[in-house]
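Undergrad: Listed here are the chains, written in short residue letters.
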Amino acid sequence: GENVEQHPSTLSVQEGDSAVIKCTYSDSASNYFPWYKQELGKRPQLIIDIRSNVGEKKDQRIAVTLNKTAKHFSLHITETQPEDSAVYFCAASRSAQGAQKLVFGQGTRLTINP
Amino acid sequence: EAQVTQNPRYLITVTGKKLTVTCSQNMNHEYMSWYRQDPGLGLRQIYYSMNVEVTDKGDVPEGYKVSRKEKRNFPLILESPSPNQTSLYFCASSFRTTQSYEQYFGPGTRLTVT
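Line by line, the protein sequences give chains A and B.
Per my numbering: the first sequence = residues 1 to 114.
Per my numbering: the second sequence = residues 1 to 114.
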């Protein structure tokens, strides 16, 4: 089955700097890759997702890139702000199975230092 | 208000005492899932359901049961809880469509088994 590895497990950056979180997946048939943000004590919420027919997607300060050949995808956050502090999870899924068969990475705790 | 609800939010129980965690969504979603979240392991899927009376195992189904008798409800049953089931549990739901795979998570249930 699918296996998703996420790095780093913790990341600390200065406010205003950029943060990058990377994930690799094992199943070449996976074609849907979402990123979820979980603030302390809250539920995970989708922040951005990408499908395998595109290589990059951007939404304001966040972007996701996908390299299908290498089977890895990354989350990029620019101009980080204190409210970006949270745990971020990547995930992978096959479209035939839809979102109900998501496999998540281990999570990255991002801390933005003022 | 569109939402996923879970009850109870916190539960402390003893080994072997059967319990049920309820999950309900009011968004008419076809798909529903249960995850457990443990430090360093991310979110792992326990069971999922594609529609009423259709359920399937996720990655960590041992020790759990589910049922989907109504579209809006997807209870998680622990017939004989053990300490290794101490965890944070999330229910999630989503549409069955290629337009959006976004999963909407409930607030979580923190379970402690002594």
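Note that these hints are calculated values from the structure, not bench results.
Heads up, a few of these hints could be off.
Here's a subset of chain A near chain B, in silico, CB distances under 7 Å, partners left out [to be verified]:
| hint | residue |
| --- | --- |
| 1 | Ala29 |
| 2 | Tyr32 |
| 3 | Arg43 |
| 4 | Pro44 |
| 5 | Ile47 |
| 6 | Phe89 |
| 7 | Phe104 |
| 8 | Gln106 |
Glycine included, each C-beta is placed from N, C-alpha and C at the ideal position.
Undergrad: All the hints need checking, so say for each whether the structure fits it.
TA: Hints versus structure:
| no. | hint | result |
| --- | --- | --- |
| 1 | Ala29 | violated (15 Å) |
| 2 | Tyr32 | holds (6 Å) |
| 3 | Arg43 | holds (4 Å) |
| 4 | Pro44 | holds (5 Å) |
| 5 | Ile47 | violated (10 Å) |
| 6 | Phe89 | holds (6 Å) |
| 7 | Phe104 | holds (4 Å) |
| 8 | Gln106 | holds (4 Å) |
Hint check: violations occur at hints 1 and 5; the rest are consistent with the structure.
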